[in-house]
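K.L.:
The lines below spell out each chain.
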Amino acid sequence: MKIKLLEIAHGRSGDKGDAANIGIIANDDKGFEIIKKQLTTEKVKTHFEGICFGEVERFELPNLRALNFLLHNTLGGGGTVSLKHDAQGKTLAAALLRMELDV
Amino acid sequence: MKEKIKIASGQGFWGDLIDAPYNQVTKGDVDYLVMDYLAEVTMSILQKQKNKNPKLGYAKDIPELMKRILPICKEKNIKVITNGGGVNPIACAEAVVDVAKNLGINNLKIAVVLGDDIKDRIDDIIFKGCELNNMETNESIIPVKDKLLSANVYFGAFPIVEGLQKGADIVITGRTTDTGLTLAPMIYEFGWKENDYDLLSAGTIAGHILECGAQSSGGNFLGDWQSIPNMAEVGFPIAEAFPNGEFIITKHPNTGGRVSFATVAEQLVYEIGDPKMYITPDCVADFTTIKLEDLGNDRVKVFDIKGKPATEFYKVSCSYESGYSAFATLTYSWPQALTKAKAAEQILRKRLENLNLKFDEIKSEFVGYNSCHGPLSTEIKEEDINEIMLRVGVRSNDYASVERFGKEIAPLILTGPPSVTGFAGGRPKPSEVVAYWPALMPKTLVKPEVKLIGIEK
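Protein chains in written order, with the working numbering: chain R, 1 to 103; chain D, 1 to 457.
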């Protein structure tokens, strides 16, 4: 069965220079197992094709049932230089929640 | 030693809810009010203000705010800690002293933290062997050195602690880490030492939770956001801190918002990199050790935090001039709103091209369609689109090109696709682009200085 990440997790995103940070928090332990397995750096990079032009790094925070992603070369030069409407990547956590998962 | 202190977050950034700090000191008991005013770009804005008037260069909201809260803080013995001193913390403190005098307060000590401003020392610092290379790209600072608008070291909690030890009612700093503002009162009240890494990390993480104001108490919450009660009267977060490094995040009773596992967790993952390496001047905190326990009733216990020693470097934040940019918007209505907006964008690009203008980048986005999620945006049937706002931004080192771009927008109303509106406020003006240059510097090259200013009976 396919579900959207939105159904099992929430999160928040922001900027770190030209990189965006996206923290994703699973709603429960079962959800954390799913995102740990399925939110690979490759899958996140593919999801953000045309938005993220650099490397994707992934970090785990199991106590918070959370994963943190750093998407390099993503914000059009960073907060003050960027011409993007969302220059600080504030809406990118929501963009990741669009991802479809197999459960 | 106190068994517990309550530290209240009063501002998440300069421009946050004006009444938040007032509510924090009036709607319940707190011991400290901490306020973060400084984003990276803020320092360059303040530096420009100071260049024009040597009495400026700090968050001008502070004296206004002090007029309202100083009598309350004096009466309740609430200490105020803020980095809103910007590039001129002395002038900020003097302005607060003036406010206090006008209020008839005859006993006030303000500690001012100085030394973070290294703009006039760049050559000396490079001469001493610190190259200030960009810590993200490793580029040399030399090409931008003469374009620097501001250059500041991020100090940590300890200079603030020194101010508190000297009896300050208020501590005003320049570039201090957001987290240091919250950590400092814990160090001061609980006698934590510079090598109590776990405790310093705990206080740092409390600071991270408080530093963005209501973002940890229900604001900008992407979970079940519609269930958050009474956001209109949102309560800003408060940390109840204990000597053993445990703390409880809460908010005043009878305020809106929510403090829960989910709202605190969202703030914890905000703007972090490697969670095991949250580097501050005070310690390296390990976010993977954080444990949260939702106690209910808007109380979340945070505990078991571990950390490592601080590094030997301060982070340096420089800003420099990097050309000009301008933005324009036009709104197109049904029918074929998106097609019209796209056609207008093509016409504009062709005209800019024909004019031989020089741009580093021209960026077009269609607000209402793809300006947030770009290629991830779902296709919408043209029939269902009521309106689209075309948003175009340009950036260039050539002022004239950016200025001319501004003159090409309004003509699109009479010389482009139909049913267009939303052009008001005149031609878009070029604004200076301020770019950001992060670097590292050995701690030995700079020393914070704490100065007392005040009124004594």
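Among the hints, erroneous ones may be present.
[Stated by the list, open to error] List of simulated lysine-lysine pairs, DSSO-like, C-alpha gap at most 30 Å:
hint: 1; chain 1: R; residue 1: Lys30; chain 2: D; residue 2: Lys301
hint: 2; chain 1: D; residue 1: Lys301; chain 2: R; residue 2: Lys45
hint: 3; chain 1: R; residue 1: Lys30; chain 2: R; residue 2: Lys43
hint: 4; chain 1: R; residue 1: Lys36; chain 2: D; residue 2: Lys306
hint: 5; chain 1: D; residue 1: Lys101; chain 2: R; residue 2: Lys90
hint: 6; chain 1: R; residue 1: Lys90; chain 2: D; residue 2: Lys291
hint: 7; chain 1: D; residue 1: Lys308; chain 2: R; residue 2: Lys4
hint: 8; chain 1: R; residue 1: Lys90; chain 2: D; residue 2: Lys381
hint: 9; chain 1: D; residue 1: Lys301; chain 2: R; residue 2: Lys43
hint: 10; chain 1: D; residue 1: Lys308; chain 2: D; residue 2: Lys276
hint: 11; chain 1: D; residue 1: Lys301; chain 2: R; residue 2: Lys36
hint: 12; chain 1: R; residue 1: Lys4; chain 2: D; residue 2: Lys306
hint: 13; chain 1: D; residue 1: Lys276; chain 2: R; residue 2: Lys37
Just so you know, the hints here were simulated from the structure itself, not pulled from any lab data.
K.L.:
Does the structure keep R/Lys90 and D/Lys381 at a Cα separation of 30 Å or less?
P.N.:
Roughly 26 Å separates the two Cα atoms, so the pair holds.
K.L.:
For the pair supplied as a hint, D/Lys101 and R/Lys90, is the alpha-carbon distance within the 30 Å limit?
P.N.:
43 Å, violated
K.L.:
Given the hint that R/Lys30 pairs with R/Lys43, does the C-alpha gap stay at or below 30 Å?
P.N.:
Distance of about 20 Å is within 30 Å: holds.
K.L.:
For a C-alpha distance cap of 30 Å, please report whether R/Lys36 and D/Lys306 respect it.
P.N.:
Roughly 23 Å between the alpha carbons, so the hint for R/Lys36 and D/Lys306 holds.
K.L.:
R/Lys90 and D/Lys291 were given as a pair; does the straight-line alpha-carbon distance stay at or below 30 Å?
P.N.:
26 Å, holds
K.L.:
Given the hinted pair D/Lys308 and R/Lys4, is their alpha-carbon gap at most 30 Å?
P.N.:
38 Å, violated
K.L.:
Going straight from one Cα to the other, do D/Lys308 and D/Lys276 come out at no more than 30 Å?
P.N.:
Roughly 9 Å separates the two Cα atoms, so the pair holds.
K.L.:
Holds or violated: R/Lys4 with D/Lys306, Cα cutoff 30 Å?
P.N.:
35 Å, violated
K.L.:
Would you mind confirming whether the straight-line C-alpha gap from D/Lys301 to R/Lys43 stays at or under 30 Å?
P.N.:
34 Å, violated
K.L.:
For the pair supplied as a hint, R/Lys30 and D/Lys301, is the alpha-carbon distance within the 30 Å limit?
P.N.:
Holds: R/Lys30 and D/Lys301 sit about 23 Å apart, inside 30 Å.
K.L.:
Against the 30 Å threshold, does the CA-CA distance of D/Lys276 and R/Lys37 hold or violate the hint?
P.N.:
Given pair D/Lys276, R/Lys37 holds - Cα atoms ~21 Å apart, limit 30 Å.
K.L.:
So if I understand the rule, the pair passes when the alpha-carbon distance is 30 Å or less; does D/Lys301 with R/Lys45 pass?
P.N.:
Violated, because 35 Å separates the two Cα atoms, which is more than 30 Å.
This entry does not satisfy hints 2, 5, 7, 9, 12, going by the numbered hints stated previously.
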